[in-house]
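**Q** Residues per chain, in single letters:
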Amino acid sequence: MRTLVVGVGNEDRGDDGLGPLAARLLGDRLAPRQAGGAGAPAAGPAPAGPASDDADDHPDGPSPDVEVVGWTGDPLGLLDRWDGVDRLVLIDAVVSGAAPGTTRRFGPDAPFARTSEASTHGLGLAEALALGRALGRLPERIEVWGIEAVEFTAGAPLTPAVAEAVLELVARLDQELGQATSA
Amino acid sequence: MNAPVPEAPAAGTRRIDVEALARVEGEGALHVRIDGNTLEHVALRIYEPPRLFEGFLRGRHYTEPPDITARICGICPVAYQMSSCHALEAACGVAVDGQLRELRRLLYCGEWIESHALHVYMLHAPDFLGYPSGIHLAQDHRATVEMGLRLKKVGNDVMVVLGGREIHPVNVRLGGFYRLPRLAELRALREPLLRARDDALATVQWVAGFEFPDVEPDRIFLALSHPDEYAINEGTVRTDRGLDIPVSAFEEHVREEHVAHSTALHATVDGDPYMVGPLARYALNYAQLSPLAQEAARDAGLGPVERNPFKSIVVRAVETVYACDEALRIIDQYEPPERAHLEVPPRAGRGHACTEAPRGTLYHRYTINGEGIVLDARIVPPTAQSQSVIEEDVRDVVRGHLDLATDQLQHLCEQAVRNHDPCISCSAHFLKLEVERR
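Respectively, the protein sequence lines represent chains H and Z. If you use the working numbering, the first sequence corresponds to residues 1 to 183, in order. If you use the working numbering, the second sequence corresponds to residues 1001 to 1438, in order.
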C-alpha cells in the first residue's frame, strides 16, 4: 500500500508554515529507518510527545511506501502528486475559531469552506480535494489533520501552542505510520 | 456607459458583503460605493508582501535575493528569481548568454504554461461559462478540465527539470544554474510538450468561442520588447504610446505613489495609468510570436492588437501556445554549455532588470557594495502597476451596469478584476468584496 503524507502551507506566513514543518519533522524521523533499516537512530530534532519513541517500537520501520512531502505552493499540483496513492494523510492549518493548536482529524468530506475560510491557500486544499472528487482522482483513504492556526503575518514565528501541536501530531503520525506498515 | 437607468435597484441602501473574491491569487479587497445612480467610489485594496521583502533584502548577501524573492509568489517564483538574477548580474557587470540564457528562457516558459493554464481553466473560464468555480466546471466538463490540468502539469514538469522542483525552484543561481539538466531529461520533455502544444491550440479554440462583453477601453500598454524574440527575460521597456527605454531608466518614467486605501502603490508611466500583462505584451510584440501562435491568434479572431480585457483569456491561451512552441525550439537546439554557471564576483554598483512574469512586467533594482552586501532593493510587481487600470475597468463595468441586481453586478466586478489575473500577494488568500449601495 502506498501512503503519502503531505504538509501544506507557506513557511513564511506564521502558523501557515505548520504543514511543511510537520512534514519535515516526520520525514526526519522516518527517513533513517527507511534508508538504514531497523535500529537506525532517528536523526533531526526529537519532538516530545506521547510517542517520542525511537525505531525500536516498530522494528521493521515504515515501509518505503510511506512518502512524506512538504507542499508550499499551488495545492492543485497535489492531484498529480497523489495519483496512484492508496492512503493520503494531509496536514494543514485550519481556521475555525477554536483554540490555537487544537488538532482535529477530518475525512475528505468535511465541510471545508472553499477559498480560504478553513484552509489558507487560494485555490486551496479544499479545492484540490473537491476537484479530485469531481474528476474521480481521489485516493481511497484520505485523512486530513487540521491544526488551528491564528497567526499569518509574513515572517512571524509559529504560535507556541501551534508548535506544540505540531510536535504532538508528528509523534502520533510517526507511531501510527510505523505500526500500520509493520503490521 | 453613463446612460440613465430606468429601474436601478437603488432605492434605499443596499450592501453586499462577499467573504472572499474567489479565483484571484492573493488577498485584498475591492470596495465599490454606489449612491443612487452614481458610482461614487472604487478602490482595490491590496496587500503587498514585495514591500516587506525589500526590507528583508537589505543587508543580505547578493547571492540570496533569487531564493528569497522566489518565495513572494507560489505561482510565479521563476519571475522573481529571474528579475533578481538579471538585476544583480547587471550590478556586477555580468551578462548570461548562449545556452544558459536559453535554459533560463525554457524555465520561464514552464512557468508561463503552468500559470496561464491555471488561470485560464480554473480561475477565468468559469466566469464565461456561468460556473461559480473551476470545480463546478470540472463536474460538467471533465475532459476539458483534465486537458487544462495536463497542460499545467507539463509546465510544472519543465520547472522541475530546470528548477529542481516546481514550487520554489532551488536550482537557479546568479550566473546560471547549480546543475545543468541532462540531455535525456530535456528530451523527455519533448513528447509532453508536443501534446501540450496541441492542448494549448485546442484551448485557444475553446476560449475563443466564449461570449465577451463588447468593450475596448483605451489603456496604455507597457511591456518588455525585444527585436528578435517575444520578450520574456530581456528587452527594452516599451509602451504603445511610443516610449522605448532601457530598463535602467524604468524609475525615471514609472512613478509609484501611495494611496490611502492600499498598502500597494499606484503606478503611472510619464504621469498616466497603464497596464502590463498578456494584452500589453501581445499588442507590443505580436510580430515576435511564432508563426503557429500568430496563426492561432488569427483563427481565434484576434487582430494584432486586442484591447478588450475580457479577451485576455484568449491572449493567455495564445501565449501558452507560444510558450510550448518556444520550449520545443530551445530543447531542439540545445547543446550543453561548458559550465552550469558563470562566475559573478561582487562589485559595488547598481543593477536593474525587468522580466515578464505571466501577469506582467516585474522590475527589480539592487544596490550592492564591494563585499556583495545588498544596500538597497526595489521591487515593482506587475499587479501594482496595473492597479489603477483594474480600478478603471471596475468603474466602467459598474457605470455600464448600474441597473443590474447587486449580485450580478458584483459578479461582473469580480470578473473585471480576474481579467487581469492579479497576483495580489501569495499564500494566505483573503480577497473580500464589498459593494455598498446608498
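Everything labelled a hint here was simulated from the structure, so no lab data went into it. A hint or two may mislead.
One side of the interface only, derived from the structure: several residues of chain Z facing chain H at Cβ under 8 Å [as the list claims (entries may be wrong)]:
1) I1075
2) A1138
3) Q1139
4) R1142
The beta carbon of each residue, even a glycine, is placed where N, CA and C say it ideally should be.
**Q** Quick one, is the R1142/Z hint okay against chain H at 8 Å, beta carbons?
**A** This interface hint holds because 6 Å falls under the 8 Å limit.
**Q** Verify the interface restraint on Q1139/Z: the C-beta must sit less than 8 Å from at least one C-beta of chain H.
**A** holds, 5 Å
**Q** So, A1138/Z near chain H? Judge it on the closest CB pair being under 8 Å.
**A** holds, 4 Å
**Q** Answer holds if the nearest beta-carbon of chain H is closer than 8 Å to that of I1075/Z; otherwise answer violated.
**A** holds, 6 Å
Hint compliance for this structure: every hint is met.
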